[in-house]
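K.L.:
From first to last, the protein sequence lines are chains A and B. Just so we're aligned, residue 1 is where the first sequence starts under UniProt numbering, counting upward by one. Just so we're aligned, residue 1 is where the second sequence starts under UniProt numbering, counting upward by one.
By construction, these hints were calculated from the structure, which means they are not laboratory data. Nothing here was measured: the structure is a model prediction, and the numbers come from that model. Hints may be right or wrong, so weigh each one.
To be verified - Derived pair list, reagent style EDC-like, types lysine to aspartate or glutamate, alpha-carbon separation capped at 16 Å: (1) A:377 x A:354; (2) B:167 x A:369; (3) B:167 x A:390.
As the list claims (entries may be wrong) - Quick look at which bits of chain A chain B covers, simulated, 3 or more residues with Cβ under 8 Å: (4) 33-42; (5) 82-94; (6) 256-265; (7) 364-370.
Beta carbons are placed, not taken as given, at the ideal position from N, Cα and C, and that holds for glycine.
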Amino acid sequence: MNLHEYQGKELLKSYGVAIQEGIVATTVDEAVNAYEEIAERTGSKFAVIKAQIHAGGRGKGGGVKVVKSKDGAKETADAILGMMLKTPQTPGGMNGPGKLVRKILVAEDAYVPDFDSCEEFYVSILMDRQRKQNVIIYSTEGGMDIEEVAEKTPHLVHKEYIDPEQGLLPFQARKVAFNLGLSGKAFKQMSKFIASLYKAFVGSDASLFEINPCMKTGHDDIVAVDCKVTLDENALFRHKDLAELRDLDEEDPTEVEAKNVGLNYVNLDGNVGCMVNGAGLAMATMDIIKLSGGEPANFLDVGGTADAKRVEHAFRIILKDPNVEAILINIFGGIVRCDRVAQGVVDAYKNIGDIKVPIIVRLQGTNADLAKDIIDKSGLEVHSAIQLQDAADLVAKVLG
Amino acid sequence: MSVLVNKDSRIIVQGFTGKEGTFHAGQMIEYGTNVVGGVTPGKGGTTHLDRPVFNTVADAVSEAGADTSVIFVPPPFAGDAIMEAAAAGIKVIICITEGIPVQDMVKVKAYIEDYDCRLVGPNCPGVITPGEAKCGIMPGFIHRQGKIGIVSRSGTLTYEAVDQVTKAGMGQSTCIGIGGDPIVGTTTKDAVELLMNDPETEGIIMIGEIGGSMEADAAHYIKEHGTKPVVGFIAGQTAPKGRTMGHAGAIIGGAEDTAEAKMKIMEACGIHVVKSPADIGTTMVEALKK
Chain A
1 MNLHEYQGKE
11 LLKSYGVAIQ
21 EGIVATTVDE
31 AVNAYEEIAE
41 RTGSKFAVIK
51 AQIHAGGRGK
61 GGGVKVVKSK
71 DGAKETADAI
81 LGMMLKTPQT
91 PGGMNGPGKL
101 VRKILVAEDA
111 YVPDFDSCEE
121 FYVSILMDRQ
131 RKQNVIIYST
141 EGGMDIEEVA
151 EKTPHLVHKE
161 YIDPEQGLLP
171 FQARKVAFNL
181 GLSGKAFKQM
191 SKFIASLYKA
201 FVGSDASLFE
211 INPCMKTGHD
221 DIVAVDCKVT
231 LDENALFRHK
241 DLAELRDLDE
251 EDPTEVEAKN
261 VGLNYVNLDG
271 NVGCMVNGAG
281 LAMATMDIIK
291 LSGGEPANFL
301 DVGGTADAKR
311 VEHAFRIILK
321 DPNVEAILIN
331 IFGGIVRCDR
341 VAQGVVDAYK
351 NIGDIKVPII
361 VRLQGTNADL
371 AKDIIDKSGL
381 EVHSAIQLQD
391 AADLVAKVLG
Chain B
1 MSVLVNKDSR
11 IIVQGFTGKE
21 GTFHAGQMIE
31 YGTNVVGGVT
41 PGKGGTTHLD
51 RPVFNTVADA
61 VSEAGADTSV
71 IFVPPPFAGD
81 AIMEAAAAGI
91 KVIICITEGI
101 PVQDMVKVKA
111 YIEDYDCRLV
121 GPNCPGVITP
131 GEAKCGIMPG
141 FIHRQGKIGI
151 VSRSGTLTYE
161 AVDQVTKAGM
171 GQSTCIGIGG
181 DPIVGTTTKD
191 AVELLMNDPE
201 TEGIIMIGEI
211 GGSMEADAAH
221 YIKEHGTKPV
231 VGFIAGQTAP
241 KGRTMGHAGA
251 IIGGAEDTAE
261 AKMKIMEACG
271 IHVVKSPADI
281 GTTMVEALKK
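Take these sequences, add in the hints, and give me the full structure.
P.N.:
Here it is in structure tokens:
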């Protein structure tokens, strides 16, 4: 689960991590009030207005702007709130439709008063799948695309692995600060920053923290100017407060609907919808659709209990996509009995009524023959198959 | 012969009296698996499914001689259950539970390294040696005793491969569902190595997915040490590139993450790679003829 920048910063702050302070606003009036408060607090007329959407690269699409007056804040807030912000990471990238901005963060300008003495670093924490340990990745090259830095100047990207039983040790935090070329007050602040950040990472069961830039200010303080926080959904049961931070507006509405009824659905661009039990088989089914001349319109895992109700929900969700020209249902019955799934398909088909696209049903495993019989005798326009290859051939056939 | 579990394994079920545990333990017993008891804290001394219930895994080891455990404990407590099994001296720990927090598994993985045990899973269908022991949630009836070892990260896709192998007239030595989580106890390479060293296994089917580098690691092992034909498939050739892990994840994931890249590496390492999941069984038949 992804957090907004302002939510991520609040989380970091609660663990003692220094952040670029700000106030979130959903209207222009709120933004102006926030600007005045920030200006009074900092004694500076400079502030930054940042669009709050779940995507990086917001600056590139005009979603991050420096303002230096009340009027400027009003104008900028008015422009950004409600805009369709395009970034390299929004769907379709810079050529896509963009994402609606519903909230902005009015933040202090951390580069004031002495822009030239500020230094930008990169710090992230995540779990390294190969080592099965958490790792802190950091670089002196902050504020840039870290993938590019890693490719062009790999020696500037450092990694510090954390022993799961010991946790982050003080010398490791110092090592990070030294490697970033810091000394004096900034060195101490960075050691503290890293220690608090790691505490926050473990404490919130995060799967990714990315602080870019992490900045040394003109006063030799270290602050998180931006942050990307992803939390482990499997751990939300022990973080009820964090679970409430989910912003459904940022998620695909159909995917949210699917999730609510226990389906795992991802919308794709193709023309053949599919409904499968199990994630691996679902991906394999998408592959076979492609090999049969189609393109998968979705990924949909109905899970372990593919009963009639779920099948009907799944049907309705797939049919919402106007690009769907055919639907392939692929169920391998283990514990779940194929005849029950077949009956579910027939019932759902009748309940929904007006299904205009051809449907191919492949049921294999427990009671597969019985299932095929139910489908074949239903009188519905449904093609049935038992072998995976037969189902693939049927897809090719209906696509003509 | 087989690997990990056989008719002599002394198996317990952790989370024995729960809904999942009860159902699947029942299925395991019906298959003929040597289930010697189960563990549910607080219910020790009672019986369930005609088997003794123990309060702790240590009791199950000392009183029932358990050496293998199948875990159906809910996600918040599953990490603890794995560590309890390891500390009690269980040799093969098979964790079926889906949805364990990643940071729990980081700790578990480090903890069990000090013990002489092997963890399979979590988030896996389990391990089956057909005709001898079914330790997990897979449908027993699609399997047949034989000489093909299967390693897979997914559940139903494994059943698909098993079914194709059976229909092609072959059977399975042992099928190992290693699980789909970011941290798993037994990697693809570990499982392939077990089967490569099993004298009764004549061919290996390796089924992977996008993400991580486990298949590439296994492929490099096969190139160096392989003595048997291996058929490979990677699910997710059409999956869109995810952005969920952001930039930092991509640094570690690297370019070996995609299905295409993995298949290329596997092919270069001498694995018979199939593009269609419908060709797994027939390709194995062909590979064995060579």
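K.L.:
Give a verdict on every hint.
P.N.:
Right, here's what the structure says about each hint:
The straight-line distance between the Cα atoms of residue 377 of chain A and residue 354 of chain A is roughly 19 Å, outside the 16 Å bound, and the hint therefore fails. Our distance criterion of 16 Å between C-alpha atoms is met by residue 167 of chain B and residue 369 of chain A, whose separation comes to about 15 Å. With a C-alpha separation of about 15 Å, the suggested pair residue 167 of chain B and residue 390 of chain A falls inside the 16 Å cut-off, and the hint holds. Coverage of the stretch 33-42 of chain A by chain B is violated in this model, with 0 residues showing a Cβ closer than 8 Å to a Cβ of that chain against a need of three.
For the stretch 82-94 of chain A, the stated coverage by chain B is not satisfied: 1 residues place a CB nearer than 8 Å to a CB of that chain, which falls below the threshold of 3. Judged by the Cβ-Cβ criterion of 8 Å, the stretch 256-265 of chain A is not covered by chain B as claimed, because only 0 of its residues qualify and three are needed. For the stretch 364-370 of chain A, the proposed coverage by chain B is satisfied: 3 residues have a C-beta within less than 8 Å of a C-beta in that chain, meeting the threshold of three.
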